[in-house]
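Heads up: the sequence lines are chains F and L, in that order. Take the first sequence: its position 119, counting from 1, is numbered 119 in the numbering used here, and each next residue is one higher. Take the second sequence: its position 48, counting from 1, is numbered 48 in the numbering used here, and each next residue is one higher.
A hint or two may mislead.
Stretch-level coverage of chain L by chain F, calculated; a stretch enters the list once three of its residues show a Cβ under 8 Å from a Cβ in chain F [to be verified]: (1) 14 to 24; (2) 196 to 207; (3) 214 to 225.
Just a few of them, taken from the derived set where beta-carbon distance is under 7 Å, the chain L residues facing chain F [said to hold, decoys possible]: (4) Leu6; (5) Arg143; (6) Ser236.
Straight-line distance between alpha carbons at most 27 Å, and here's what the computed DSSO-like set of lysine-lysine pairs gives [to be verified]: (7) Lys107(F) x Lys110(L); (8) Lys123(F) x Lys110(L); (9) Lys110(L) x Lys135(F).
If you're looking for bench data, these hints aren't it; they were derived computationally from the structure. Here a beta-carbon is modelled for each residue, glycine too, at the ideal position from N, C-alpha and C.
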Amino acid sequence: MIEVENLSKFYGPRLAVNNLNFTVSQGEVVGFLGPNGAGKTTTMNILCCILPASRGTARICGFDIFEQSMEIRKTIGYLPENPPVYLDMTVDDYLQFAAAVRGVAGKKIAAAADRALEKCGLKDVRRRLIGKLSKGYQQRVGLAQALIHDPKILILDEPTTGLDPLQIMEIRKLIQDLASSHTIILSSHILPEVSQICQRVVIINEGEIAAIDSLEGLTASLRKTERLRLRVRSANDDVLQSLKALEGTLSVQQEDDSAFIVESPLGSPFQDKVARLALDREWGIVELSSASMTLEDIFLKLTTEEKELAE
Amino acid sequence: MRNSFLIAKRELGSFFSSAIFYVITVVFLLLYSFIYFQILNFFSFQSLQAAQVRGMDLGLNLNDMVIQPAFHNMAVILLLMIPIVTMRSFAEEKKGKTFTLLLSSPIHLKEIVFGKFLACWGVLTVMILLSSYSIAFLFMIGRPEIGPALTGYLGILLMSGCFVAVGILASSLTDNQIVAAALSFGFMLFMWVVGWGAQAAGPNIGPILEYLSLIDHLERFLKGIVDSSDVFYYLSFMFFALFLTHRVLDSNRWR
Ligand SMILES: Nc1ncnc2c1ncn2[C@@H]1O[C@H](COP(=O)(O)OP(=O)(O)O)[C@@H](O)[C@H]1O
Ligand SMILES: [Mg+2]
């Protein structure tokens, strides 16, 4: 459905996206994972025919991004990083305008707007000014705008950044509902978000693809150790030394004033050992949890491992 | 074309639902009316004097002595007000990130540019036509010729079309509305006074500068003459400015 071939983009002399290759098939939900400045937005803008590629090309539903941009625009719904909403319009007026510019035929506009309002849970605020809505609702209006012409493909650029936790959950839920009927590309710099919604991840770093894999494959290939976080009331050097001395410990890092990250081999029942030690020494356990792999960790791993191989 | 109207319709809605339109219109009408009644006052004073001193009606002409200067002054006020009308058009879309909606929609850039132009010109047309009460008033108190008043309005509308096109061009260059207003004001004023350089520029370039000047083309309209070369000048001026706007926005994407 989406085929990207040797896609590169220069901003002036600056190479923002370097030689991307990947495909997305129909019905798939693909996560685009990368830190800020990795080139996610740039790639999405190119796919949506907002920016031209400097080199390479992409085909979407068989249409070429250079030759048939108008067809592509009709098949894609795009939610940019900042929802493209006019703050001085009401939700209703805005969605009708969006429907019209997205090419929905005059007679079908009202129905399309109703459908989008319904899907995004905006019925109650349809007559309100967008500028008066919360950030979460504005994001929903942005999403409704992307859905308005019933596109086959949805491209969502960091749909949950800047929202509070409750709003994030709601938007994620919405996206999960949409996943059953759309092909979705979603960018994010938050790993759990991608792991909740997406089947496959494209990890992009400094404009290049660092890995493409299913989520299980990725975590399996990267998780060679278990990590535990131990937070105690009375943290001191003794804690650090005792943890290091514990049998099977690979490494211990002090995370902050009261927390330590203990790394151990995969599959060892380390939780018990650490807990017993902490109880014996009366450190006062505040938290003992599995330190989930953050995106930064994955990046560090991917980039350093590659470098090691190269050396 | 449908798409341009869509853009224009949204733009007009946003004008009319915000204070900008009303503030600008009221300021414009107040300024214009003040100047207009000064002119009218001066005229009645002169014709009274003429009647007393010479004891006869010199046939002082309402068209030459009231309508023409009124139009001249209106042009100056418009020069000052139009940058405020046009400064939002693209700068605000860029700043508010709403431009992505338009750019990712199946519409052409030129339709967007033309839609913005239509909206701003439409707003100006409303403002300008509201001022016509003053001319109607003249018909109640005297017998001016209607022809030059009508062609005068045509000329003013065409000239504001050029101002609007320049303003939109300026707005496409930046995402800062103040910068857009300053740029368009500077450029409009320059196109206004460029004819003044005619004498210094000598016999070769002089006529060209005179031809380029926005205000010189207004003179014949105010006298009641619609010369196709003047109409052509204004239309091509608008076209060229809008063409440049299109180029600017398009090249933003390629950079
Ligand atoms: N309009 C632009 N002009 C110049 N450089 C840009 C522009 N947009 C993005 N960049 C640069 O390109 C790189 C990729 O940016 P972007 O695609 O926005 O990353 P992401 O969305 O992953 O955070 C960044 O280093 C950014 O500074
Ligand atoms: Mg981004």
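Here is how each hint holds up against the structure:
no.: 1; hint: 14 to 24; in the structure: holds (count 3)
no.: 2; hint: 196 to 207; in the structure: violated (count 0)
no.: 3; hint: 214 to 225; in the structure: violated (count 0)
no.: 4; hint: Leu6; in the structure: holds (5 Å)
no.: 5; hint: Arg143; in the structure: violated (47 Å)
no.: 6; hint: Ser236; in the structure: violated (29 Å)
no.: 7; hint: Lys107(F) x Lys110(L); in the structure: holds (25 Å)
no.: 8; hint: Lys123(F) x Lys110(L); in the structure: violated (35 Å)
no.: 9; hint: Lys110(L) x Lys135(F); in the structure: violated (32 Å)
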